[in-house]
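Asker: Start from the sequences and build out the full structure, keeping to the hints where you can.
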Amino acid sequence: MTYSCFKIYIFMFCERLVVNDSFLSLPEMLRRTPPPWRATSGLASAAPSAPGRPCSNRRKSSGSSEAAMMATAAAAAGFRTVEPLEYYRRFLKENCRPDGRDLGEFRTTTVNIGSITTADGSALVKLGNTTVICGIKAEFAAPPIDSSNKGYIVPNVDLPPLCSSRFRPGPPGEEAQAASQFIADVIENSQMVQKEDLCIVEEKIAWVLYCDIICLDYDGNLLDACMCALLAALKNVLLPAVTVNEETGLAEVNFKEKTPLTIKKQPVATSFVLLDTVIIVDPTAEEEDLATGNLTIVTDEEGKLCSVYKPGGSVITGTKLQDCISRATVRHKEVKKLMDKVIKSVQPT
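So in full-length UniProt numbering the end of the sequence shown lands on 349, straight run, no missing numbers.
To be clear, the hints were calculated from the coordinates, so they are not data collected in a lab.
Any given hint might turn out to be false.
Said to hold, decoys possible - The calculated lysine-lysine pairs, modelled on PhoX-like cross-linking and capped at a C-alpha distance of 25 Å, are: (1) K320 - K93; (2) K150 - K310; (3) K137 - K344; (4) K258 - K126; (5) K235 - K265; (6) K93 - K150; (7) K150 - K264; (8) K258 - K304; (9) K258 - K195; (10) K265 - K344.
To be verified - Per label pair, the in silico range of CB-to-CB distance: (11) K93 - K320: 25 to 33 Å; (12) R89 - V253: 16 to 24 Å; (13) T248 - K333: 48 to 56 Å; (14) V253 - A178: 30 to 38 Å; (15) G104 - N149: 41 to 49 Å; (16) V253 - L92: 55 to 63 Å; (17) D99 - Q347: 44 to 52 Å; (18) L162 - P311: 23 to 31 Å; (19) L216 - A142: 32 to 40 Å.
Heads up, the beta-carbon is just placed ideally off N, CA and C, and yes, glycines get one too.
Answerer: This is the structure in structure tokens:
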């Protein structure tokens with residue numbers, strides 16, 4: 001059998017499967033096939049056999065249901081490998097995704113601040129399987145020549161081979177550079193931190209905040225996780241008091257007196273992908289690979305747009321864009337509530 005014939009055979013076999021003498025589509029088949037714990041529960045509620053008679057029928061029923069379940073899972077896995085886009089389309093028709101989420105549902109998000117004790121501020125964010133950590137280091141530098149009363153915020157996104165096999169060792173790739181530039185633009189456009197607050201002595205000395213964002217595990221939606229980690233880490237920053245000795249001109253640092261960084265705005269990113277004509281929120285890596293377009297919307301706590309980032313791809317209509325903005329506004333409230341809860345939990349009582 002040639003590869004083409006084998007591929008068509010698998011496709012035809014997976015497209016319509018016979019279950020109890022009836023034809024079911026793939027999403028219906030997966031919903032109707034009982035998982036192992038349901039199968040066990042069903043057997044427990046079955047009518048008991050006659051006393052002294054072996055339970056051969058029960059064992060036979062259990063074995064056949066397990067075999068059918070294994071065959072169904074194998075067929076679905078084969079279909080997903082051979083025709084991944086068609087596999088997803090079957091679920092999109094039912095307004096759901098293979099991982100069980102609705103089209104507008106986010107994966108579980110967790111935030112942990114103060115993860116790096118040697119940093120001036122840090123946070124770890126887990127969005128589904130995507131895991132990102134941000135560490136902020138504060139250093140001294142001379143203010144910019146054209147803005148002598150401002151400091152610096154320098155973000156950098158690192159995508160090491162450790163997080164995914166799609167990334168290679170060496171200098172930053174295109175995706176890492178694009179993510180770093182995106183975050184730098186959001187910092188500038190949203191004015192989340194006033195750079196004037198980072199100036200210690202005008203024309204002499206200012207703070208530089210190096211924000212290193214490292215992806216530990218990559219499973220899609222990198223920008224949302226990076227922005228969330230950056231915001232949480234900035235909220236965790238404590239800067240020591242600094243004075244400049246007029247006689248020596250040297251900076252004197254008092255580590256016993258530390259003040260938190262003032263956060264003016266709290267931008268939150270919400271990413272979408274377009275599969276055919278369907279908008280999906282919080283895409284996984286597999287969904288991003290199958291998508292025909294990407295969109296990331298950044299809003300602040302007032303519902304104002306800080307950034308709309310769309311790196312090419314299919315056209316999104318005005319109606320769908322407005323729907324995405326509305327979903328991004330709701331997402332901001334969810335993230336802010338989570339962030340406030342985490343920060344409150346670590347504050348001294």
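Asker: Each hint: holds or not?
Answerer: Status of each hint after checking the structure:
Proximity of K320 to K93 is assessed by CA-CA distance (about 18 Å); at most 25 Å being required, the pair is judged to hold. Between K150 and K310 the CA atoms are separated by roughly 30 Å; this puts the pair beyond 25 Å, and the hint is violated. A hinted pair counts as satisfied when its Cα atoms are at most 25 Å apart, and K137 with K344 qualifies at roughly 23 Å. With a C-alpha separation of about 29 Å, the suggested pairing of K258 with K126 is violated against the 25 Å cut-off.
The straight-line distance between the Cα atoms of K235 and K265 is roughly 11 Å, inside the 25 Å bound, and the hint therefore holds. Using a Cα cut-off of 25 Å, the hinted pair K93 and K150 is violated, with the two alpha carbons roughly 53 Å apart. Distance hint between K150 and K264 is fulfilled; the C-alpha atoms sit about 15 Å from each other, no more than 25 Å. Simply put, K258 and K304 have alpha-carbon atoms about 32 Å apart, too far for the 25 Å limit, and the pair is violated.
Restraint check for K258 and K195: the C-alpha separation of about 18 Å stays at or below 25 Å, so the hint holds. For the hint linking K265 to K344, the alpha-carbon distance of about 18 Å falls within 25 Å, and the restraint holds. In this structure, K93 and K320 break the distance hint of 25 to 33 Å, their C-beta atoms being roughly 18 Å apart. Range check, R89 to V253: Cβ separation about 60 Å, and the 16 to 24 Å hint is violated.
A hinted range of 48 to 56 Å for the beta carbons of T248 and K333 is consistent with their spacing of about 50 Å. At roughly 36 Å, the beta-carbon separation of V253 and A178 lies within the given 30 to 38 Å, and the hint holds. The hint said 41 to 49 Å for the Cβ distance between G104 and N149, and at roughly 44 Å that hint holds. Our hint of 55 to 63 Å for V253 and L92 holds, since their Cβ atoms are close to 57 Å apart.
In this structure, D99 and Q347 break the distance hint of 44 to 52 Å, their C-beta atoms being roughly 35 Å apart. At roughly 25 Å, the beta carbons of L162 and P311 sit within the given window of 23 to 31 Å. Taking 32 to 40 Å as the suggested C-beta distance range, the pair L216 and A142 conforms, at roughly 34 Å.
This entry does not satisfy hints 2, 4, 6, 8, 11, 12, 17, going by the numbered hints stated previously.
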